[in-house]
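Based on these hints, arrange chain B on the given structure of chain A.
Chains as they are written, first to last, in my numbering: chain A, 82 to 526; chain B, 82 to 526.
Be careful, since some hints might not be right.
Stated by the list, open to error - Listed below are the simulated DSSO-like cross-link pairs for lysine-lysine, each with C-alpha atoms no more than 27 Å apart in a straight line:
no., chain 1, residue 1, chain 2, residue 2
1, A, K466, B, K485
2, B, K399, A, K378
3, B, K466, A, K378
4, B, K466, B, K489
5, B, K378, A, K399
6, A, K485, B, K466
7, A, K485, B, K93
8, A, K401, B, K378
9, B, K378, A, K93
Claimed, not checked - Chain B stretches covered by chain A per the calculated footprint, using a threshold of three residues with CB under 8 Å from any CB of chain A:
no., stretch
10, 456-468
11, 473-485
12, 491-504
Calculated from the structure, these hints are not laboratory results. Glycine included, C-beta positions come from ideal geometry on N, C-alpha and C.
Single-letter residue listing:
2 protein chains.
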Amino acid sequence: MNIILLSGGSGKRLWPLSNEVRAKQFLKIFKKADGSHESMVQRMYRMICEVDSGASVTIATSENQVSLINAQLGGKVGISAEPCRRDTFPAIALAAAYLHDVKGIPGNEAVVVCPVDPYVESDYFQMLDKLYAQAEKGEANLVLMGIEPACPSEKYGYIIPHFPGLLSDVHSFKEKPDILTAEKYISQGALWNGGVFAFKLEYILDMAKSVLGTALYEELFRNYENLPRISFDYAVAEKEKKIQVMRFAGVWKDLGTWNTFTEAMSDQVVGNAVAVQCENTHVINELQIPLIALGVKNLAIAATPDGILVTEKRSSDKLKSYVSDQRPMYEKRIWGEYTVLDYRVQSDGHNSLAKHLIIIPGRHISYQYHVHRTEMWTFVDGTGKLIIDDIITEVGRGDTAYIKPGMKHAIKADTELHIIEVQMGDELTEEDIIRLDWDWGQDGL
Amino acid sequence: MNIILLSGGSGKRLWPLSNEVRAKQFLKIFKKADGSHESMVQRMYRMICEVDSGASVTIATSENQVSLINAQLGGKVGISAEPCRRDTFPAIALAAAYLHDVKGIPGNEAVVVCPVDPYVESDYFQMLDKLYAQAEKGEANLVLMGIEPACPSEKYGYIIPHFPGLLSDVHSFKEKPDILTAEKYISQGALWNGGVFAFKLEYILDMAKSVLGTALYEELFRNYENLPRISFDYAVAEKEKKIQVMRFAGVWKDLGTWNTFTEAMSDQVVGNAVAVQCENTHVINELQIPLIALGVKNLAIAATPDGILVTEKRSSDKLKSYVSDQRPMYEKRIWGEYTVLDYRVQSDGHNSLAKHLIIIPGRHISYQYHVHRTEMWTFVDGTGKLIIDDIITEVGRGDTAYIKPGMKHAIKADTELHIIEVQMGDELTEEDIIRLDWDWGQDGL
Numbered sequence: 082m083n084i085i086l087l088s089g090g091s092g093k094r095l096w097p098l099s100n101e102v103r104a105k106q107f108l109k110i111f112k113k114a115d116g117s118h119e120s121m122v123q124r125m126y127r128m129i130c131e132v133d134s135g136a137s138v139t140i141a142t143s144e145n146q147v148s149l150i151n152a153q154l155g156g157k158v159g160i161s162a163e164p165c166r167r168d169t170f171p172a173i174a175l176a177a178a179y180l181h182d183v184k185g186i187p188g189n190e191a192v193v194v195c196p197v198d199p200y201v202e203s204d205y206f207q208m209l210d211k212l213y214a215q216a217e218k219g220e221a222n223l224v225l226m227g228i229e230p231a232c233p234s235e236k237y238g239y240i241i242p243h244f245p246g247l248l249s250d251v252h253s254f255k256e257k258p259d260i261l262t263a264e265k266y267i268s269q270g271a272l273w274n275g276g277v278f279a280f281k282l283e284y285i286l287d288m289a290k291s292v293l294g295t296a297l298y299e300e301l302f303r304n305y306e307n308l309p310r311i312s313f314d315y316a317v318a319e320k321e322k323k324i325q326v327m328r329f330a331g332v333w334k335d336l337g338t339w340n341t342f343t344e345a346m347s348d349q350v351v352g353n354a355v356a357v358q359c360e361n362t363h364v365i366n367e368l369q370i371p372l373i374a375l376g377v378k379n380l381a382i383a384a385t386p387d388g389i390l391v392t393e394k395r396s397s398d399k400l401k402s403y404v405s406d407q408r409p410m411y412e413k414r415i416w417g418e419y420t421v422l423d424y425r426v427q428s429d430g431h432n433s434l435a436k437h438l439i440i441i442p443g444r445h446i447s448y449q450y451h452v453h454r455t456e457m458w459t460f461v462d463g464t465g466k467l468i469i470d471d472i473i474t475e476v477g478r479g480d481t482a483y484i485k486p487g488m489k490h491a492i493k494a495d496t497e498l499h500i501i502e503v504q505m506g507d508e509l510t511e512e513d514i515i516r517l518d519w520d521w522g523q524d525g526l
Numbered sequence: 082m083n084i085i086l087l088s089g090g091s092g093k094r095l096w097p098l099s100n101e102v103r104a105k106q107f108l109k110i111f112k113k114a115d116g117s118h119e120s121m122v123q124r125m126y127r128m129i130c131e132v133d134s135g136a137s138v139t140i141a142t143s144e145n146q147v148s149l150i151n152a153q154l155g156g157k158v159g160i161s162a163e164p165c166r167r168d169t170f171p172a173i174a175l176a177a178a179y180l181h182d183v184k185g186i187p188g189n190e191a192v193v194v195c196p197v198d199p200y201v202e203s204d205y206f207q208m209l210d211k212l213y214a215q216a217e218k219g220e221a222n223l224v225l226m227g228i229e230p231a232c233p234s235e236k237y238g239y240i241i242p243h244f245p246g247l248l249s250d251v252h253s254f255k256e257k258p259d260i261l262t263a264e265k266y267i268s269q270g271a272l273w274n275g276g277v278f279a280f281k282l283e284y285i286l287d288m289a290k291s292v293l294g295t296a297l298y299e300e301l302f303r304n305y306e307n308l309p310r311i312s313f314d315y316a317v318a319e320k321e322k323k324i325q326v327m328r329f330a331g332v333w334k335d336l337g338t339w340n341t342f343t344e345a346m347s348d349q350v351v352g353n354a355v356a357v358q359c360e361n362t363h364v365i366n367e368l369q370i371p372l373i374a375l376g377v378k379n380l381a382i383a384a385t386p387d388g389i390l391v392t393e394k395r396s397s398d399k400l401k402s403y404v405s406d407q408r409p410m411y412e413k414r415i416w417g418e419y420t421v422l423d424y425r426v427q428s429d430g431h432n433s434l435a436k437h438l439i440i441i442p443g444r445h446i447s448y449q450y451h452v453h454r455t456e457m458w459t460f461v462d463g464t465g466k467l468i469i470d471d472i473i474t475e476v477g478r479g480d481t482a483y484i485k486p487g488m489k490h491a492i493k494a495d496t497e498l499h500i501i502e503v504q505m506g507d508e509l510t511e512e513d514i515i516r517l518d519w520d521w522g523q524d525g526l
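The following block holds chain A by itself, in its conformation from the complex (with noise of 0.2 Å):
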């Protein structure tokens, strides 16, 4: 079976917990059989091998997920990697030119595709087989998975099939109702719309090429930034007449909001927290400091470098208009992770900020220069090879460097490296970096 895994962004509805670049899908809530914890991707990818061994697995995504990817899945799948954000079409039609340029998968062959973020159990999997199956008899150019929907729901679009069987022709499609309608649709026999589906190959490369002007991997990646905004559903599956949907009636969970979320953690109590005399209430702490729950009912309570979070299960659907745009406050990168301490605007405009840096050991930060930012760093804990203006010195606790715009300047750990940095300037953003080439594999690095 060929599978493209949709990773996309997490978007505010788990706010603090996912922010632009640390997305729900790769939080490790899952808990093994034998004690370890994985996350959506892993449990996903876990569970897909288990149907099929020899799977083919595709995640389309866009470029700041790929280190937590490799970091997770450890290169055993394939990455389609947009540049930029555009809609669903361009990113499968993106991740399908990969399979057939970059993976050589032969355009007669069918592929599944599916969002990585749902919670579903191992039926789910047998029925994207199934998918796949009726995919390459070529009955229909699009075949979809309709699930049958477990409550009238507004957050989801909606699948009326002609007929109540396993296999139907596809009668229309029906945006995101009202409750009332919801109703009205699933009396119909309505099914949800959950973003699965099946079709040939060559099917979606000759819609790339009618719609996007090509079919070449090489040129939509080189052209990205110039495809159109357009979602898959719009721009193939509303138009398609041979289109088929297949009726899904096992466990299918959308962990998109807290209520829904926390329901699919093992753990009641995620970090250095306590809750004391709670019902039903689940509690995650990433800062350092301690956190105390006690007495409370049906809470999520979430604590990260980006904010803090009470609420209300069944509230949790209206969490994401009340949350603001800000900068990340943690990200984790290939070469470690930053959190940021303290953030000041002064009275004069100017900028101040404090980040904790971690890296790990034999990973680098790239060769670069900020134009906008002076940097002092401080060597709290490890050992590493730091380079400024192309002189290299190995630094240790209690080192220091003091890093003005301009300079250019990387750090390599050798053991776990700590550094506490402090910036200041008129502008403090992850954008003000200008990278150079370095030579990571010269003498003494």
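Showing chain B alone in chain A's frame:
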């Protein structure tokens, strides 16, 4: 009226808002008529003056509260500061000796003693005046206030009067009972012991002489560490035969739990926080990161550099036993304030800690050195004068200072000065300070 206000430590019952150096009585939670806020200690002082504009007020407290009291009351009160914590009898004896020896109050004048932290209204202060007048009469050696119980409570000791009238001899004292026993006491006419009483100054000075060996302020102060830990109730009240109680039926609320504390708060939400669709919920956020409370009821939520609390209000009286001992992460000092941003114990037991210091214009940190730690300072805003090993340097944004163990240093702010300080060492405590003399009046300072 001579009055001693007991301003004790606040312990853990209002964690994380109070810590050992930052007690609840200094938190500005009461809104005044003009819209500004005042603390318990400011409110109590103001109301005493409204009842008796000539009142002579002395605050009995510990040394680490002196700068806060001065900051909030601006030198309008006497301060009797314990060099270390003993129990209530030595504290009251020291304050009485202060009244006699330092303020020159004659031994035959009466003194009222009351805690600074209950929530009370003007009738309470009229009752203090009555207690004072009754003590002046000299019918009894000790005149207590007995508070009419609002409910059977396990939190207070009880006074059983002989008679049910306004004034009575005391029949007996009862320790904090269980609820059923409290009900029984109340049916016998028992009153809460709120720790409010009056006596003639010479009475308590005689007691000090016989129990502590001296009634001289200088001697008590100098020898304070060796005084016994003994409560006023045990040393005096429970042994005294000539003792009366006056009944008080007005407003008296112990603000010692989150449930009662939030009742007295003027604002539902304080700090960088929003409460959406919440009922009977109070939120205090003293962190920089945002806090969202959504759809919750009957909660007290507090986030400070010391920790995060989410408690059902009525459960909050159980909080104390779940709070661990930890160093304070935030302190106000006479020179300004600091917040701990980051604290790590590394694998080899070495520690690192990052702080944000704010120094008030014109104020300075004392000339000092450390034995155990290295400090790396980065000045991120403001201007000031840095002294290192007797050399004075002008400093401002972007400057740094590297202070090794044994290096003498001080800093004075010209404009509000912000410093990110990184500490490294085998022991990072507020106690690792050797203070030195420095002539702050010299040229350039």
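Verification of the supplied hints:
Distance restraint check for K466 (chain A) and K485 (chain B): the Cα-Cα separation of roughly 23 Å lies within the 27 Å cut-off, and the hinted pair is therefore satisfied. The hinted pair formed by K399 (chain B) and K378 (chain A) meets the criterion: a straight-line CA distance of about 16 Å does not exceed 27 Å. For the hint linking K466 (chain B) to K378 (chain A), the alpha-carbon distance of about 53 Å lies beyond 27 Å, and the restraint is violated. Using a Cα cut-off of 27 Å, the hinted pair K466 (chain B) and K489 (chain B) holds, with the two alpha carbons roughly 14 Å apart.
Annotation: proposed proximity of K378 (chain B) to K399 (chain A) holds, straight-line Cα distance about 16 Å (limit 27 Å). Of the supplied pair hints, the one linking K485 (chain A) and K466 (chain B) holds, its CA atoms being roughly 23 Å apart against a limit of 27 Å. Between K485 (chain A) and K93 (chain B) the CA atoms are separated by roughly 45 Å; this puts the pair beyond 27 Å, and the hint is violated. Restraint check for K401 (chain A) and K378 (chain B): satisfied, since their Cα atoms lie roughly 20 Å apart, inside the 27 Å limit.
Distance check on the hinted pair: K378 (chain B) and K93 (chain A) sit about 23 Å apart at the alpha-carbon level, within 27 Å; holds. Counting residues of the stretch 456-468 of chain B whose beta-carbon sits less than 8 Å from any beta-carbon of chain A gives 4, enough to reach three: the coverage restraint holds. Restraint check on the stretch 473-485 of chain B versus chain A: 4 residues with Cβ-Cβ distances below 8 Å, three needed, restraint holds. Counting residues of the stretch 491-504 of chain B whose C-beta sits closer than 8 Å to any C-beta of chain A gives 3, which meets the bar of three, so the coverage hint holds.
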